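So the sequences go chain by chain: A and B. Quick note: the first sequence, position 40, residue 40 per the numbering used here, numbers continuous. Quick note: the second sequence, position 4, residue 4 per the numbering used here, numbers continuous.
These are calculated hints, taken from the structure and not from any lab test. Fair warning: this is a prediction, and the values are worked out from it, not measured in the lab. Each hint should be verified, as a subset may be incorrect.
[Said to hold, decoys possible] Below, in silico cross-link-like pairs of lysine-lysine (BS3-like), each with a Cα-Cα straight-line distance of 25 Å or less:
1) A:K124 with A:K161
2) A:K124 with A:K227
3) A:K78 with B:K116
4) A:K14 with A:K124
5) A:K227 with B:K116
6) A:K14 with A:K107
In case you want the letters, here they are:
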Amino acid sequence: MSARKKDPNTYIFKVFRYQPGKDEKPRFQTYEVPLLHPGMTVLEGLIYIKENLDPTLAVRYSCRMAVCGSCALYVNGKGILACHTALREFPSGKLTVEPMPNYPVVKDLMTRMDEFFDHHRQVKPYLLRPQDRAEIENPTREFLQLPEQLEEFLQFSYCIKCGLCVSACPTVATDPDFLGPQALMTVARYNRDSRDGGTVYRLKVVDAPHGLWNCHFAGACTEVCPKGVDPALAIQYTKRESVLHALHLNKLPRFRKKLAPVAPPPKPNRRPGIPPAPERTVPEAPAS
Amino acid sequence: MKDRRLGIRGWIYGGKHNPERFLYTLHRLTGVLLVLYLSVHILVVGSRAFGQEAWEGAMRLVGLGNPVVRFFEYLLVVVVLFHAVNGARLILGELGFTIGRPRRPIYPYPKESIRKPRPLLWILMILAAVYLAFAAYNFFALPA
Ligand code: HEM
Ligand code: SF4
Ligand code: FES
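Here chain B stands alone, though its shape is the one from the complex (with noise of 0.2 Å):
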């Protein structure tokens, strides 16, 4: 206590919040969640090495084509395309693509880093979910 210092509970709160402090902590929690699904996906695939039992094990243990599984599927789309797109927006943005330049700072400060992408933050925030809603189609509406 006496440090006040903020831990994980900081990656969601402190100070006036902008949205990119958010796709901060979601850009984090979606690489995570992708290293695991990296990890438990290539231990599945790779099971085809030890024979066709194997394979055939590991995909009843996976359990595809069971409706709570295609759930997870798709949501792990969400998982990848969010991670894309935000990571495409970062790349952008740390080579000092998009973020404008310094400005007097007159009030009401111009905050060009964060005001300027903001526009393409939405756009491609939007594309995403356009994106997501077809793949929703796609894998709900459509026989398997």
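Just chain A, with the same shape it has in the complex (with noise of 0.2 Å):
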């Protein structure tokens, strides 16, 4: 092949190829692609393969704006959304497009992400409060939580479980049932939440083997994070959290975690002082 694109405006996809139980291994099947617009990302390109030159190609995506995950594919050797990138970033005008590695293959672009999900779920992703678990199973009312609180965890919940984390991590490449980034990031997004208080049940989870300890903070996962999670942060919180609670500091005043309080049921009473609303100007609407 020649060492130039001929032509700026297009872009030759070198694709992954490959059907377990079809073929017998992958292949790489090349394609000219048109820059239909400067925007063009490589996602676009990709559709335009399976409209205009090979229907057979198999890629996952569905919001195409960076918000679902399912697009997560590697190019020239780096992970990106394949929604969020731009053909312009590749100035050669080649890209080498590849499923994830670390991931079995369902088919060509497509990756199975059944363990990456159950990892996920093992951590317990959602607000644990034993203390009082009649608020949590009926809720009365929202939890009181402050600006600076939110701040604690709040990076952590932009995760879209795109998995290119995993992807990258050392790792994961060489131990299949270790927790892998996302999971692992997942606990400080809820440990550090005011709200939760299920701090022991996921450190129970994690500080265990293929778990905590197995990350070595390559950083990887933050290298990669196409939304800037940071989970390789997220990770040694929990470990500094992990070691003060087998210290028993956890018990210190600064370090002990308040557990935000339910909000207190609203006032009867309007406050004194504010003028009663206006005549309404049109009907009530009729009740539905």
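Given two chains presented individually in distinct reference frames, assemble the corresponding complex, making use of the accompanying hints.
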């Protein structure tokens, strides 16, 4: 193949093709894709291939706006969201498109995510409050949280479960049972939430073989994350929390977690001094 | 192939490469080398317990003073120093020091946990390199 592409508006896609059970081994197939508009993304290129050149190509996507996390794949050895990466980020005009490594392939660029979500489920990714179970099961009101308490975990809640961090992690490469950066990051997402009281339950899950301590802070998850979640930061915080718990230092006032209270019931009477609402100018909508 | 799990290759390859990801592999490699060295070291030094003969035999076997052996001794210093210095960085980071705080993920992303301790990483590596340069002088330029 020529060293340079012939036309600045043509992109050469070298795409990984493989159908387990049918193909003996993977192969790469080359397609030429025109730049249809300046902001055209890798995903649009793949859809162009599907619609015009080769309908047998399998690629998974849904939102095409970096929200659903379906379209994660590798281009030229880098983990990206196909819908969130412009073709013009590749001035050489050549793209080697592969599915995420460290996952089984369903077909072509699609990877099987069952294990990934299974690991996510294992860390109990929801609010736990064994302290007042009645409120969790039959909620009466919201929990009160200050903006600065929100900032403690907000970054970690931006995760879209694309799985790129898991594909980039060197521990995942040799340990299939390792929970992986996404699940371990989720522990800090909930343990640092002032509304959650399940810290010890989650620590029990991750302070175990194939858990927290199989992370050796390679930082590849943070480097690759397309949403800026910084899983490595979250995981190191959980290590610190685990050490504090092991040394019983979590009982010190400095490290003790204060549970967010349930909001008080609304006051029955309006505050004095507020003028009454003006007369209605339109009739009340009929109850539907 | 169906799984596409990278295996040991994944310790070196796998996505965008940040320096810390290579140190992961290097730390493991030096750790294993240290375990191997320590086992041999204990066996060799332990030979003293079997009398002067055994000790001198072991010393001859090891061949101290031989330039090749001396070079490997220097490599040992490199391995120990890297493992210790990088280990100090890891201990700090993994206990939640030096790595920053959660921030709003506004583009370009802060990536605090790897960007914030990176100056510390370079300073530690430069200090180690300076130490190793002196050690090299001590090892090879000065008479043994
Ligand atoms: C100044 C002395 C040392 C320091 C500060 C140190 C520090 C560390 C740290 C912090 C880790 C865990 C890193 C992580 O979580 O990824 C580690 C791992 C390890 N260390 Fe050391 N260490 C030292 C000496 C030694 C010695 C003398 C040996 C050999 C007998 C050794 C062998 C290992 C091994 C085999 C690992 C596991 C590596 C892995 O699983 O990737 N270390 N060291
Ligand atoms: S932490 Fe980032 S890379 Fe990992 S699954 Fe979530 S969004 Fe994807
Ligand atoms: S298609 Fe939804 S994240 Fe790319």
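For each hint, the structure was consulted:
no.: 1; hint: A:K124 with A:K161; result: holds, 15 Å
no.: 2; hint: A:K124 with A:K227; result: holds, 22 Å
no.: 3; hint: A:K78 with B:K116; result: holds, 22 Å
no.: 4; hint: A:K14 with A:K124; result: violated, 40 Å
no.: 5; hint: A:K227 with B:K116; result: holds, 18 Å
no.: 6; hint: A:K14 with A:K107; result: holds, 16 Å
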